[in-house]
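J.: Here is how the chains run, residue by residue.
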Amino acid sequence: MDTQLDLWEVFIQKKDGSEHAHAGSVHASDSKMALQNARDIYTRRNEGTSIWVVPSNYITASNPEDAQMLFDPSTEKVYRHPTFYVVPAGAKQI
Amino acid sequence: MNTTETKSSFQDKLDQDLCIEPKDTMPDEYRKHLIRQISQHAHSEVIGMQPEGNWITRAPSLRAKQILLAKIQDEGGHGLYLYSTAETLGISREEMIEQLHTGKAKYSNIFNYPALTWADIGAIGWLVDGAAIVNQVSLQKTSYGPYARAMVRICKEESFHQRQGYEIMTNMMKGTKEQQEMAQDAMNRWWWPSLMMFGPHDSDSPHSGNAFVWKIKRKSNDELRQRFIDKTVQQAETIGLTIPDSDLKWNETKNCYDHGEINWEEFRRVVNGNGPCNKQRMTHHIKVHNEGAWVREAAAAYAKANAK
Ligand SMILES: [Fe+2]
Ligand SMILES: [Fe+2]
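Protein sequence lines, in the order shown, are assigned to chains A and B.
One point on numbering: in the working numbering, the residue at position 61 of the first sequence is 61, and numbering is uninterrupted.
One point on numbering: in the working numbering, the residue at position 238 of the second sequence is 238, and numbering is uninterrupted.
If we strip away everything but chain A, and leave its shape as in the complex, we get (with noise of 0.2 Å):
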């Protein structure tokens, strides 16, 4: 039987020291070939230093609906802002 494969998803690391970003997906029937593949379409230029791949059907995500629900209280909480609290005139380095 033909097949293209499982797909995955691809994470790529700019640069020493920033987080890996999703920049796509890849097809492929294991881990390596997911990352060999994911090193030939998505670094050709020195896009990345590290790569992350994962099984598309690992992935979980929050629906768009729920997005009120599972973000809005944050807006509520102004105290978890430093600009929410008064210093008193003269306290320095705070």
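Capping the alpha-carbon separation at 25 Å, the derived lysine-lysine pairs in BS3-like fashion look like this: (1) K23/B - K215/B; (2) K219/B - K106/B; (3) K215/B - K141/B; (4) K104/B - K32/B; (5) K174/B - K231/B; (6) K141/B - K14/A; (7) K219/B - K141/B; (8) K231/B - K254/B; (9) K32/A - K14/A; (10) K141/B - K231/B; (11) K304/B - K32/A; (12) K156/B - K14/A; (13) K308/B - K32/A; (14) K156/B - K15/A; (15) K254/B - K219/B.
Cβ-Cβ distance ranges computed for the label pairs, FRET-style: (16) D17/B - K32/A: 35 to 43 Å; (17) P73/A - E167/B: 52 to 60 Å; (18) T3/A - N263/B: 41 to 49 Å; (19) A298/B - T60/A: 29 to 37 Å; (20) E252/B - E19/A: 51 to 59 Å.
The set of hints was computed from the structure by calculation and includes no laboratory data.
Even glycine gets a Cβ: it sits at the ideal position worked out from N, Cα and C.
For this one, chain A is given, so just place chain B with the ligands on it according to the hints.
T.: Just chain B with the ligands now, kept in the frame of chain A:
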């Protein structure tokens, strides 16, 4: 989720110029339109490797060969970015390839023309990639997030493609009389098909209506074509090439070039399968796809055996 709700969150995002993402609700027709457009775009990148691949073993120098190989490898990469973009909309890679092979999905008409001489490799990079760039730059602002991001990645790579083509043409125009004639001949054959790449005139472009409302398409066929002509004429003149259009002239009032009539009869003939290479392109793709089946099968079997 009911349809009015789907419509309103989708419309809200469009109104605010926000990207639509894979998990967002979207109208069926939007999804279908994108699948058709993105898969056609992917197929074009892949089929486009054929006319150029034809010249790898005959490149005139090692430098030229390395460049052409890198360029063609990029096009394969573009095809893969775009296939995975289309997959986020719920179509599988198998389905897309099947649609290509049965003729249900199209690819850009331009690749049904042959690359007859080395100058054609110059003309393809300069004109065909040049036209593709104009189109793809405008698609960087398309409303579907994964498509827009693929376009950003692709555009970064395309300018090398156009420059290597222009360099070939420049060198040939600095060469012998025969080489200059060869360059002009390639120009004559690729100019009009390149203009056709932007599709029918706005006045009879069947797919445009919703594409604008949905912000998939940000500039019209004629606007993009005009932009390409206005950029390219000066580049041709700089190296001594003549645009094969006796009606081409600068229009002071409109501040752009007027151009001659495009032969839409030919366009339709080629789109409908009767161009010089339609059969060859598809036969080759099907053959290579089938010949590669055992590799995919073996890889899958190996992965399965190792997983135990
Ligand atoms: Fe491309
Ligand atoms: Fe290209």
